[in-house]
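Can you build the whole structure from these sequences, using the hints too?
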Amino acid sequence: MKRHLISAADLTRDDAVLILDTAEEMARFADRPIKKLPTLRGRTIVNLFFEDSTRTRISFEAAAKRLSADVINFSAKGSSVSKGESLKDTALTLEAMGADAVVIRHGDSGAPHRLATSGWIGGSVVNAGDGTHEHPTQALLDAFTMRRRLVGAEGAGLDGRRITIVGDILHSRVARSNVHLLSTLGAHVTLVAPPTLLPIGVESWPCEVSYDLDAVLAKSDAVMMLRVQRERMNAAFFPTEREYARRYGLDGERMARMPERSIVMHPGPMNRGMEITAEVADSPRCTAVEQVANGVSIRMAVMYLLLGGAEPARPAPAPEGGAASRPHAGGSRTKEDH
Amino acid sequence: MTEPDDKTLIRGARLLGGEPQDVLLADGTVQEIGRGIEAPGAEVVEAQGGILLPGLVDLHTHLREPGREDSETVLTGTRAAAKGGYTAVHAMANTFPVADTAGVVEQVWRLGKEYGYCDVRPVGAVTVGLEGKQLAELGAMHDSAAGVRVFSDDGKCVDDAVIMRRALEYVKAFDGVVAQHAQEPRLTEGAQMNEGTVSAELGLAGWPAVAEESIIARDVLLAAHVGSRVHICHLSTAGSVEIVRWAKSKGWNVTAEVTPHHLLLTDEMVRSYNPVYKVNPPLRTEADVMALREALADGTIDCVATDHAPHPHEDKDCEWGAAAMGMVGLETALSVVQHTMVETGLLDWAQVADRMSHRPAAIGRLEGHGRPVAHGEPANLVLVDAAYRGQVDPAGFASRSANTPYEGRELPGRVTHTWLRGRATVVDGVLR
Numbered sequence: 001m002k003r004h005l006i007s008a009a010d011l012t013r014d015d016a017v018l019i020l021d022t023a024e025e026m027a028r029f030a031d032r033p034i035k036k037l038p039t040l041r042g043r044t045i046v047n048l049f050f051e052d053s054t055r056t057r058i059s060f061e062a063a064a065k066r067l068s069a070d071v072i073n074f075s076a077k078g079s080s081v082s083k084g085e086s087l088k089d090t091a092l093t094l095e096a097m098g099a100d101a102v103v104i105r106h107g108d109s110g111a112p113h114r115l116a117t118s119g120w121i122g123g124s125v126v127n128a129g130d131g132t133h134e135h136p137t138q139a140l141l142d143a144f145t146m147r148r149r150l151v152g153a154e155g156a157g158l159d160g161r162r163i164t165i166v167g168d169i170l171h172s173r174v175a176r177s178n179v180h181l182l183s184t185l186g187a188h189v190t191l192v193a194p195p196t197l198l199p200i201g202v203e204s205w206p207c208e209v210s211y212d213l214d215a216v217l218a219k220s221d222a223v224m225m226l227r228v229q230r231e232r233m234n235a236a237f238f239p240t241e242r243e244y245a246r247r248y249g250l251d252g253e254r255m256a257r258m259p260e261r262s263i264v265m266h267p268g269p270m271n272r273g274m275e276i277t278a279e280v281a282d283s284p285r286c287t288a289v290e291q292v293a294n295g296v297s298i299r300m301a302v303m304y305l306l307l308g309g310a311e312p313a314r315p316a317p318a319p320e321g322g323a324a325s326r327p328h329a330g331g332s333r334t335k336e337d338h
Numbered sequence: 001m002t003e004p005d006d007k008t009l010i011r012g013a014r015l016l017g018g019e020p021q022d023v024l025l026a027d028g029t030v031q032e033i034g035r036g037i038e039a040p041g042a043e044v045v046e047a048q049g050g051i052l053l054p055g056l057v058d059l060h061t062h063l064r065e066p067g068r069e070d071s072e073t074v075l076t077g078t079r080a081a082a083k084g085g086y087t088a089v090h091a092m093a094n095t096f097p098v099a100d101t102a103g104v105v106e107q108v109w110r111l112g113k114e115y116g117y118c119d120v121r122p123v124g125a126v127t128v129g130l131e132g133k134q135l136a137e138l139g140a141m142h143d144s145a146a147g148v149r150v151f152s153d154d155g156k157c158v159d160d161a162v163i164m165r166r167a168l169e170y171v172k173a174f175d176g177v178v179a180q181h182a183q184e185p186r187l188t189e190g191a192q193m194n195e196g197t198v199s200a201e202l203g204l205a206g207w208p209a210v211a212e213e214s215i216i217a218r219d220v221l222l223a224a225h226v227g228s229r230v231h232i233c234h235l236s237t238a239g240s241v242e243i244v245r246w247a248k249s250k251g252w253n254v255t256a257e258v259t260p261h262h263l264l265l266t267d268e269m270v271r272s273y274n275p276v277y278k279v280n281p282p283l284r285t286e287a288d289v290m291a292l293r294e295a296l297a298d299g300t301i302d303c304v305a306t307d308h309a310p311h312p313h314e315d316k317d318c319e320w321g322a323a324a325m326g327m328v329g330l331e332t333a334l335s336v337v338q339h340t341m342v343e344t345g346l347l348d349w350a351q352v353a354d355r356m357s358h359r360p361a362a363i364g365r366l367e368g369h370g371r372p373v374a375h376g377e378p379a380n381l382v383l384v385d386a387a388y389r390g391q392v393d394p395a396g397f398a399s400r401s402a403n404t405p406y407e408g409r410e411l412p413g414r415v416t417h418t419w420l421r422g423r424a425t426v427v428d429g430v431l432r
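Going down the list, the protein sequences come from chains A and B. For the first sequence, our numbering gives the first residue as 1, with consecutive numbering after it. For the second sequence, our numbering gives the first residue as 1, with consecutive numbering after it.
If you are wondering where the hints come from, they were derived from the structure by calculation, not from laboratory data. Be aware that one or more of the hints could be misleading.
Reference excerpt, derived from the structure (chain A facing chain B, CB under 7 Å, subset only) [claimed, not checked]:
{"#": "1", "residue": "Ser86"}
{"#": "2", "residue": "Lys88"}
{"#": "3", "residue": "Ser109"}
{"#": "4", "residue": "Val202"}
Over the 12 Å line for every Cβ pair with chain B, so calculated as not near, a few chain A residues [unchecked claim]:
{"#": "5", "residue": "Asp15"}
{"#": "6", "residue": "Arg261"}
{"#": "7", "residue": "Gly268"}
{"#": "8", "residue": "Thr277"}
Note that CB positions come from ideal geometry on N, CA and C, so glycine has one too.
Here it is, written out as structure tokens:
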């Protein structure tokens, strides 16, 4: 593992598989009466959220707490400019407080990259979603969910699996991270959207593109429905909500044409009646709730690996190249802390 | 400080890159050019094979005064200009208050005259407050002591076709020119960088080439229709080059400028998310850079203009989305042109003089600048050590701002001397 997690594009296959396998081990603790591991005791993790996202924030918070880290939630609603304090000054404040890792959610693409490379802080940076750029832990939890449902083996990737991502690709950090990660793991990715919601330049991505949902459903092992904001129609990305739902929404009839063991995914929050009908959202094929649970395991794995788990506190970062040690399922790591 | 009537003898200078000769300056003019000139009592400058060019003229400089003196002032900006080899700059109108009245343009002009580092020709706003709605008093600005000839809402596009048409027509009365910042506003709402494969990956809102090209296409047609001349600011795409080339082939009175940074840098730099690369129009692709170089070489693009845009440190030391757009350029422009155009064989030094001095002065109808280096001409000159190689160090800038994309980059050439009407403003690379 590298010192930061900024982009799914930075992960090698070995890195990604290590995170997924580590998350499997973390998940095993979730089934125990006492879910807490002592591995990050004495470490401080800051959740720095410039955008509201209760779901993502509590997922990171739960993950850090299960690893016994001290968690500070820093909610800086609105942009750094409107708030009057710069990202830099916020970062310097967190640095002075001794943050070992900063989990950042920011409305500007590239803000986590700036935080990690500007020299403002010494700890690890985890991107919890930046603008319309990336959301790497979401892609990891999606891959984790797919591997469990479609492959069922640790140590494996997603080789040959056909994944379809549907919706507002243009504004989606989830789609960008997933395209990178899923292709790294060997999956075939197809993006489906009206042409207005695909970025100019998408042809250089490691995936295929289609405007026709019905044409790809029958050959999809997983269909990931992205949230589409209703306000987009005001900017003429599509004519009406109803037309969008008719052409690109997933309903029961369309789901019936998917292969038998295929799954429906959604990163949430869902717009029922827009990109997904209630029938599909509540069906056993839909993994939306499972994804939330898996999110905690993935974020535990990421923080464990980035902070070196058993290794001494800062300044020593996790070793490069995926050599970080994995936790033992026995959970007897107390003596190695501090 | 040298008095205007003092003499300066430049020994062994290569005029426009030619064979070494001596040049004698006296009374603010070039008095003699030849070999073995003797001038007792004259201050002697050993050029040692340096290239002697007419003083550079910038059509596009943001001096920031009045209003943003934290980033630049007329004094610091003209000192930076002198260090970069400029003897005249056109100061853009997007100040606070906007240079849309005779009072503001005269203030800027007067400050430049007082400091004496470089002639300052204010650019007048086309519309009141740069708002694109009502014509500013263009005639009053022209008639003022500042003698405004170039009008621009730079920073904003005059996007209303009727306002643009009227402005083009109106300034014909006093041989003015409208310099258009070509940016279709609706296509560039929230735009952060060039729209293409890199923006798709970085998740930054795209600034498509068509937003520039569609305005240029409209404006060259408008200029042709009303028989006016139009100047295109900071042309940045291969498509824009094609449109200007087509307009010129029709014989229409269209001129265009390119910035040094668009001749060198591409949107690949944005992958660093370092706001020092954030600029408007944005850095484009390698293919655009090559098309711009070719167009500057063949004359489709008339001149190099810096779009020197100083910003305080905090406006760049932040996340990309919060950062200001723009780069300083006066002190690196000639080096970038040497690197991208001369050392690639696309331009010789005489053509550099044409693109950086003669043509911009002609477009701005600026007298006394952009003249040949010849007997009796104003002694506005720059001496360049073209053999020099060094890393760009913003700590040494005369500009109040340091937002250069070239920090640490090795660039060729160095201005050793600049003369404004015979008086040295820079000697051995140091400001007088």
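Hint check, failures only: Violated: none.
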